[in-house]
Amino acid sequence: MRDHQQITDDLVLYALRELPDQEASEVRSHLDGCPQCRSELGEINSDMALLALSSVAATPPQRSRERLMNAIKAEPRRSRSFVMHRPWWSFVPSFAAVLLAAFGLMLWRDNASLRHRLDVSHEDAAQREAELDRARLVVDALTSPESNHFALVATKSQPVPEGRASYMQKTGTLVFTAQHLQALPPQKTYELWLIPADGSAPVPYGMFKPDAQGNAAIVMPSADKKMAPKMFAVTIEPEGGSQTPTMPIVMAGA
Amino acid sequence: MSSASSLKDQPQVTDSTLMSRIRAGDEDALGTLHDRYAQVVYSVALRVLGETTQAEDILQEIFLQLWRNPQTFDSSRGSLGAWLAVIARHRAIDYLRRRRPETDIEDVIVAVDSNLEQTADRNIAIGKVRAAVERLPVEQRKPLEMAFFQGLTHSEIASKTGEPLGTIKTRIRAALLTLRKVLVA
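Residue numbers (our numbering), protein chains in the order written: chain Y, 21 to 274; chain S, 701 to 885.
There could be a bad hint or two in this list.
On the chain S side, residues computed to face chain Y include the following (Cβ under 7 Å) [unchecked claim]:
| id | residue |
| --- | --- |
| 1 | L759 |
| 2 | Q760 |
| 3 | I824 |
| 4 | G827 |
| 5 | L879 |
| 6 | K881 |
These are calculated hints, taken from the structure and not from any lab test. Given the structure is predicted, the values throughout are model-derived calculations rather than measurements. Beta carbons are placed, not taken as given, at the ideal position from N, Cα and C, and that holds for glycine.
With these hints in hand, go ahead and build the complete structure from the sequences.
Laid out in structure tokens, this is it:
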């Protein structure tokens, strides 16, 4: 493969079309990527054109024009060529029409998209307005002096068992009362337990059964063991009581 | 479509306008272009071939090709007149060598943008170039004309003149550079 300088040296031969096919092909390839050589070749061709002009003297016979005009009249119509080689500005109306159509389509799509987004926005706004109305009514109902306020409780809810133990360690006196106790199954009894503060085993402090209203009470003036309690608890035990509590604990309090 | 007479009455009609009309199928435009450059094409072909009938064939062939493929030339190739002069030389050399016209012949790009459209300007340019060629040293002019008008290769010229091949190449390049300065001056 020849270098740039070799190609440059051969440009005159190339312009005169003296180079063998292989070398001419190399020059053509080089020209594709070398503006400098393309420019120089243009200059050489220009020089050769001037040289050609130096030979201008003879006038062609008049019949040559007639021959040419007759020849082109015999040529097929140039409709295809006419269409293909119209001046560039003749395509402007067609191009503009295509551009307008494309622009129109784009606008239509944008318009449809905007209309959809506007509809969604309207729906959102209506929904938020309705929510605001509801919130405004709630605040009015809660704060208006014209409102009447009522406190309601469950009318048929099951009362929760509750007990109260009063214990005096110094004397070992215990008073225990209970309410809302559920009725016991057969052969069962409630039993009160003192849970000692020292961590020792729970101590049974008496058995009881509620009356028909669920009330019960234990009064113990003086217990044998005057222990410090951590808490009191109640369990359901077999008739006659137990030495250790049976789970679950019905109620407990410290 | 303009008539031939109306085009002739408009000497200011440029080559570019005529080519546009030819592309649009205007026969009169081709006739006007023929009137403008037939002498250039015919003279170059005649100088190479030395025979009027063949030169006339070359003339016919080139303008017919321009009619069939007007896209062959566009203004980026430079001056239409200069381009036609080079094309005429190449086609005539092909004819002389009995070879098929090369397909890439239309790739010729002429750098100079000499105004050859007007007859007066064209005649002035021709006169200046002819004088410049005549002033060339014979050792330059002879190999240049042998290469350009007779289609001889550098080797053939070297053989005929007895000069070294490198010398022939140098002299031809020098002659072309001298001509380059003619229209610039």
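Structure-based check of each hint:
1. Hint status for S:L759: holds, given a least beta-carbon distance of 6 Å to chain Y, under 7 Å.
2. Annotation: S:Q760 was flagged as interfacial toward chain Y, and the flag holds, the nearest CB pair being 6 Å apart, inside 7 Å.
3. Here the hint on S:I824 is broken, as its CB sits about 11 Å from the closest CB of chain Y, past 7 Å.
4. With 7 Å as the threshold, the beta carbon of S:G827 stays out of range of chain Y, its nearest partner Cβ sitting at about 9 Å, so the hint is violated.
5. Of the supplied interface hints, the one on S:L879 holds, with its beta-carbon coming within about 5 Å of a beta-carbon of chain Y, less than 7 Å.
6. Taken as an interface hint, S:K881 does not check out: its beta carbon lies about 10 Å from the nearest beta carbon of chain Y, beyond 7 Å.
The structure fails hints 3, 4 and 6 (numbered hints given earlier, in ascending order).
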